[in-house]
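Colleague: Take the sequences, apply the hints, and build the full model.
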Amino acid sequence: MSKPDALLVDVAALVESGRSNQMSVTVVAGGAVITGRLAPEAAWRQRVSEVLADSARLGDFSAIFTTPAPEEGPPTHLHFHVARILQGTVGIPETGGMYRVSIEDVSAWTMGDFSYSDH
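Residue numbering for the sequence shown follows the numbering used here, beginning at 63 and increasing consecutively.
A hint or two may mislead.
[To be verified] Estimated spans, in silico, between C-beta atoms of each pair:
#  : residue 1 : residue 2 : range
1  : Gln108    : Ser169    : 28 to 34 Å
2  : Ser169    : Ala131    : 20 to 26 Å
3  : Thr157    : Leu69     : 26 to 32 Å
4  : Ala170    : Ala118    : 35 to 41 Å
5  : Gly121    : Thr151    : 31 to 37 Å
6  : Leu76     : Val144    : 25 to 31 Å
7  : Gly121    : Gly150    : 31 to 37 Å
8  : Ser164    : Val144    : 27 to 33 Å
9  : Ala170    : Val144    : 18 to 24 Å
10 : Ala115    : Ala68     : 33 to 39 Å
11 : Val90     : Ala115    : 30 to 36 Å
Just so you know, the hints here were simulated from the structure itself, not pulled from any lab data. Backbone N, C-alpha and C define an ideal beta-carbon position, used for all residues, glycine too.
Modeller: Below is the structure:
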């Protein structure tokens, strides 16, 4: 999208306000379908930092994610947790991952988390 969808920006702003981390959204960005729950950026950064800190190979990257997120203006990114990229009949990863998507890159979206099945 050349101009971010104002309604999606409003949804992201409500999540950023800390009033909910239970909003499930599915987006199409760069041809990929990503589905999961949105988290406030600060909570997302903290979780990514924790995961990296526990890694022997990637621990040095942990500190990058502890930098506070800029709070000026409307949100520019969606921060997914417990999220999956849908590919055919499977979701990658099955357990859910942490994704950051630029709102500008979202070409379509819907409320709710798509489920997948191998049946």
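Colleague: So, for every hint listed, does it hold in this structure?
Modeller: We went through each hint and held it up to the structure:
no. : hint                         : verdict
1   : Gln108 to Ser169: 28 to 34 Å : 29 Å, holds
2   : Ser169 to Ala131: 20 to 26 Å : 24 Å, holds
3   : Thr157 to Leu69: 26 to 32 Å  : 30 Å, holds
4   : Ala170 to Ala118: 35 to 41 Å : 39 Å, holds
5   : Gly121 to Thr151: 31 to 37 Å : 35 Å, holds
6   : Leu76 to Val144: 25 to 31 Å  : 18 Å, violated
7   : Gly121 to Gly150: 31 to 37 Å : 34 Å, holds
8   : Ser164 to Val144: 27 to 33 Å : 20 Å, violated
9   : Ala170 to Val144: 18 to 24 Å : 21 Å, holds
10  : Ala115 to Ala68: 33 to 39 Å  : 37 Å, holds
11  : Val90 to Ala115: 30 to 36 Å  : 32 Å, holds
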